[in-house]
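Asker: Sequence:
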Amino acid sequence: MLKRLSITLAILAVISGCSSNSEEPEEQQDETTSNHQESPADNQEVKEEITAPKEMLQKKDQGEKVTSLQNALRKIGYNLSEEGVYEEATTWAITDLQLQFEELQASGVYNKATQKVLSALLDGSEANFQPGKALPEKAETTTTTNGTPVLSNPYDQLALVNKEFALPADYLPEDLVTPNVRFPFTEELPKKQMRQIAAEKLEELFAAADEAGLDLYAQSGFRSYDRQDAIFTSNVAEHGEEAANNFSARPGESEHQSGLAMDVTSPDVNFQLIIDFGETDEGKWLKKNAAEFGFIIRFPEGKEEITQYQFEPWHIRYVGEKAAKEIMAQGITLEEYYEE
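Residue numbers (full-length UniProt numbering): 1 to 340.
For the record, the hints were derived by calculation from the structure and aren't laboratory data.
Do not take every clue at face value.
The calculated EDC-like cross-link candidates involving lysine to aspartate or glutamate, where the alpha carbons are at most 20 Å apart (straight line), are [claimed, not checked]:
(1) Lys287 to Glu301
(2) Lys138 to Glu87
(3) Lys54 to Glu83
(4) Lys322 to Glu55
(5) Lys287 to Glu200
(6) Lys287 to Glu304
(7) Lys284 to Asp268
(8) Lys303 to Glu340
(9) Lys54 to Glu87
(10) Lys325 to Glu336
(11) Lys288 to Glu326
(12) Lys325 to Glu204
(13) Lys288 to Glu312
(14) Lys284 to Glu211
(15) Lys284 to Glu326
(16) Lys325 to Glu340
(17) Lys60 to Glu87
(18) Lys163 to Asp175
(19) Lys75 to Glu88
(20) Lys163 to Glu241
(21) Lys54 to Glu64
(22) Lys60 to Glu335
The calculated label-pair distances, taken between Cβ atoms and stated as ranges, are [unchecked claim]:
(23) Glu103 to Arg74: 20 to 26 Å
(24) Glu242 to Glu301: 17 to 23 Å
(25) Leu172 to Asn270: 28 to 34 Å
(26) Asp226 to Glu103: 36 to 42 Å
(27) Gln308 to Glu103: 25 to 31 Å
(28) Asp226 to Asn71: 41 to 47 Å
(29) Asp123 to Asp226: 33 to 39 Å
(30) Glu340 to Thr141: 20 to 26 Å
(31) Leu189 to Gln330: 34 to 40 Å
(32) Glu174 to Pro149: 19 to 25 Å
(33) Gln308 to Phe185: 37 to 43 Å
(34) Ala208 to Glu49: 39 to 45 Å
(35) Glu238 to Leu80: 45 to 51 Å
All C-beta atoms, glycine included, are put in the ideal place defined by N, C-alpha and C.
Please model the complete structure; the sequences and the hints are all you need to start from.
Answerer: What follows is the structure, encoded as structure tokens:
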């Protein structure tokens, strides 16, 4: 009996010893874990480097690339939202930046040349810059003598200039040039001129028309505020103000002052600016192909109630290829484009 009891106690002792040893690795693991110290990288978020996006962007664009652009502009000092919508404030910031560097054309459009400068500002290799220096933000909206609100950014390539939004009386584009195209007159007049970005594309448009065997002529481009005032006053004297305002703009309300518009014509209509131009080979080709070069027919047929001007198949306006293709493909006006 005593012998059996001794054996039983011995077995229990062995079992107890094994159970005790099996718990040791767990205790050691707990000790190892408690002694582990997290590195700084475990506790801190890795911040993404702010860089200038490489894609071309412009007013009305949306998405992550626009947000990246806005973040970059904020880093160099602009007070912008980060909503990912390329709106007026972002257009203003890009324009202000462009105006401070001679190698950039002020258009409000973010392009490769602007990306290069913005990258230099971000990495500190370019320091001669101050946000808002060239195009200060206007706290209050000013109006013309006729009560039309005046645009605060007249350089904007997509600026909507009409009877509801006017250009400043003192706005004179600094980059006016004479495009190398045909004119039905030889005098060196201001109306031969356009802003450089539009003039370059007009030359390409005329070259394509030449290849198609057409005979386009440029008739009237830039027109100053004072010149427009004289023209409108003359038309009012002859036709009355209501009638004149259907085909002639009040000073400040004309796209010609922007330097982005050109009236074109052809020998078939004796170089006149008349509706019949739309039925010529040149007029039909222009309507079909203008967008390829960044131009739109600004006052299309059937849209008179929207544009508040008569149909003008001869009046083309530069807005850039992206916007032009969207507008012409949908058969809409610049006003409708903004409402989308």
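Asker: Against each hint, give a clear statement of whether it holds in the structure.
Answerer: These are the hints, each one checked on the structure:
| no. | hint | result |
| --- | --- | --- |
| 1 | Lys287 to Glu301 | holds, 11 Å |
| 2 | Lys138 to Glu87 | holds, 16 Å |
| 3 | Lys54 to Glu83 | holds, 19 Å |
| 4 | Lys322 to Glu55 | holds, 13 Å |
| 5 | Lys287 to Glu200 | holds, 19 Å |
| 6 | Lys287 to Glu304 | holds, 17 Å |
| 7 | Lys284 to Asp268 | holds, 13 Å |
| 8 | Lys303 to Glu340 | holds, 16 Å |
| 9 | Lys54 to Glu87 | holds, 19 Å |
| 10 | Lys325 to Glu336 | holds, 14 Å |
| 11 | Lys288 to Glu326 | holds, 13 Å |
| 12 | Lys325 to Glu204 | holds, 16 Å |
| 13 | Lys288 to Glu312 | holds, 15 Å |
| 14 | Lys284 to Glu211 | holds, 15 Å |
| 15 | Lys284 to Glu326 | holds, 19 Å |
| 16 | Lys325 to Glu340 | holds, 15 Å |
| 17 | Lys60 to Glu87 | holds, 6 Å |
| 18 | Lys163 to Asp175 | violated, 25 Å |
| 19 | Lys75 to Glu88 | holds, 19 Å |
| 20 | Lys163 to Glu241 | holds, 14 Å |
| 21 | Lys54 to Glu64 | holds, 12 Å |
| 22 | Lys60 to Glu335 | holds, 13 Å |
| 23 | Glu103 to Arg74: 20 to 26 Å | holds, 23 Å |
| 24 | Glu242 to Glu301: 17 to 23 Å | holds, 21 Å |
| 25 | Leu172 to Asn270: 28 to 34 Å | holds, 32 Å |
| 26 | Asp226 to Glu103: 36 to 42 Å | violated, 31 Å |
| 27 | Gln308 to Glu103: 25 to 31 Å | violated, 39 Å |
| 28 | Asp226 to Asn71: 41 to 47 Å | holds, 43 Å |
| 29 | Asp123 to Asp226: 33 to 39 Å | violated, 45 Å |
| 30 | Glu340 to Thr141: 20 to 26 Å | holds, 24 Å |
| 31 | Leu189 to Gln330: 34 to 40 Å | holds, 35 Å |
| 32 | Glu174 to Pro149: 19 to 25 Å | holds, 23 Å |
| 33 | Gln308 to Phe185: 37 to 43 Å | violated, 30 Å |
| 34 | Ala208 to Glu49: 39 to 45 Å | holds, 43 Å |
| 35 | Glu238 to Leu80: 45 to 51 Å | holds, 48 Å |
This entry does not satisfy hints 18, 26, 27, 29, 33, going by the numbered hints stated previously.
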